[in-house]
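S.K.: With the hints as extra help, turn the sequences into a complete structure.
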Amino acid sequence: MNVSFEPTVFYMVDDGPYGIVATDLTGSGIIDLAIVCNQNDNVAILLGNGDGTFRDGGTFPVGANPTAVTAADFNRDGKMDLAVTDSNSSDVAVLFGNGDGTFQPAIALAVSSNPINIVSADFRNIGNMDLAITDVSNNIIGVLLGNGDGTFNNMVTYPISAPADGIIATDFNGDHKIDLAVACGDNQINILLGNGDGTFMNAVPYPAGSGLCYITANDFNGDGKIDLAATNYVSDEVAILLGNGDGTFQSPTFFSAGVGPFGIVSEDFNGDGKMDLAVTNVDNNKVAILLGNGDGTFQEEQFFPVNNYPIKIDSGDFNGDGKMDLAVIDFFDDDVGILLNKTPKPVRGISFFNTGSIS
Numbered sequence: 000m001n002v003s004f005e006p007t008v009f010y011m012v013d014d015g016p017y018g019i020v021a022t023d024l025t026g027s028g029i030i031d032l033a034i035v036c037n038q039n040d041n042v043a044i045l046l047g048n049g050d051g052t053f054r055d056g057g058t059f060p061v062g063a064n065p066t067a068v069t070a071a072d073f074n075r076d077g078k079m080d081l082a083v084t085d086s087n088s089s090d091v092a093v094l095f096g097n098g099d100g101t102f103q104p105a106i107a108l109a110v111s112s113n114p115i116n117i118v119s120a121d122f123r124n125i126g127n128m129d130l131a132i133t134d135v136s137n138n139i140i141g142v143l144l145g146n147g148d149g150t151f152n153n154m155v156t157y158p159i160s161a162p163a164d165g166i167i168a169t170d171f172n173g174d175h176k177i178d179l180a181v182a183c184g185d186n187q188i189n190i191l192l193g194n195g196d197g198t199f200m201n202a203v204p205y206p207a208g209s210g211l212c213y214i215t216a217n218d219f220n221g222d223g224k225i226d227l228a229a230t231n232y233v234s235d236e237v238a239i240l241l242g243n244g245d246g247t248f249q250s251p252t253f254f255s256a257g258v259g260p261f262g263i264v265s266e267d268f269n270g271d272g273k274m275d276l277a278v279t280n281v282d283n284n285k286v287a288i289l290l291g292n293g294d295g296t297f298q299e300e301q302f303f304p305v306n307n308y309p310i311k312i313d314s315g316d317f318n319g320d321g322k323m324d325l326a327v328i329d330f331f332d333d334d335v336g337i338l339l340n341k342t343p344k345p346v347r348g349i350s351f352f353n354t355g356s357i358s
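Here the sequence shown stands for residues 0 to 358, numbered as in numbering that gives the first Met the number 0.
Just so you know, the hints here were simulated from the structure itself, not pulled from any lab data.
There are no misleading hints in this set.
Here are the simulated lysine to any residue pairs, SDA-like style, with alpha carbons at most 25 Å apart: (1) Lys176 <-> Met200; (2) Lys176 <-> Asn124; (3) Lys224 <-> Asp174.
With beta-carbon atoms standing in for the labels, derived distance ranges: (4) Thr198 <-> Asp55: 39 to 47 Å; (5) Asp50 <-> Pro345: 17 to 25 Å; (6) Phe9 <-> Ser209: 27 to 35 Å; (7) Ser209 <-> Asp76: 40 to 48 Å; (8) Phe331 <-> Pro60: 21 to 29 Å; (9) Val155 <-> Pro345: 43 to 51 Å.
For glycine and all other residues, C-beta sits at the position ideal for the given N, C-alpha and C.
M.R.: Shown next as structure tokens:
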């Protein structure tokens, strides 16, 4: 079963959109968008209307050349906050939400020299949201443990095999402790298993192809174990590393993913119960959809046009129809492209045979 999307609708934001997160910023149950704009040093907000359209929510200043954003409730007031990597300010900017899609002035947290990406999760299972960053100039990840009031402890660093960009946080070994996976510049994904107390074990590297950029995690073969998918910009592929369920991974298999695959997200886009991939193609200005077969393999890509240099991507149900839609940032056109999913839902469980009796 194929997937289909409505023609892309574009929304202008500020100069150089570079990172994006889709989340509910107003507590309305409607998905909004926060976009970091690398050239104007701010976060642009697009508030969702619930029907798949968006309205301007304003911009909020951060530090120099922001590159990535994550959303969580850092001060436990029930309102969504943002944390942004300022790649040329050596800091993370934290913006506390007012609950209506607006934010208080950013507070800078000192980190390493060139923070490039960020993820938030509860590394200690205590209800406080923590942060982990990658740095494009240093062979480290940085962890900032949250105090639950919006403040954070000083950054603790862990060595990895090379400077990194992409980072994700999830439980790879089923011990209910959050682990980290990092896409490193030596084309290896480093896995750092969490100890459950905010510390992490030594990084274990896994080769993952040529021109490694970004990663996503999901169960691609239906065995209940978390797998990895990573974009390979140089070889125009995605690498799939199936998880063994103990925090280790098998050797990668590769699938064609368009021209210049870069950003990546995983969801069930066609509603068949199997996990699929959406990959931005920065060299042909398209999004490639790779439908999963449910066994860890993927079908030939389908392409959907966007604008110039689609660098990052996120997903969510923007119009409340139960289908996963896409938001793509086009770096050189200063916009966000919205692709609403129009794939018909599969019809399940219909039988034309009467196995009972009529009396």
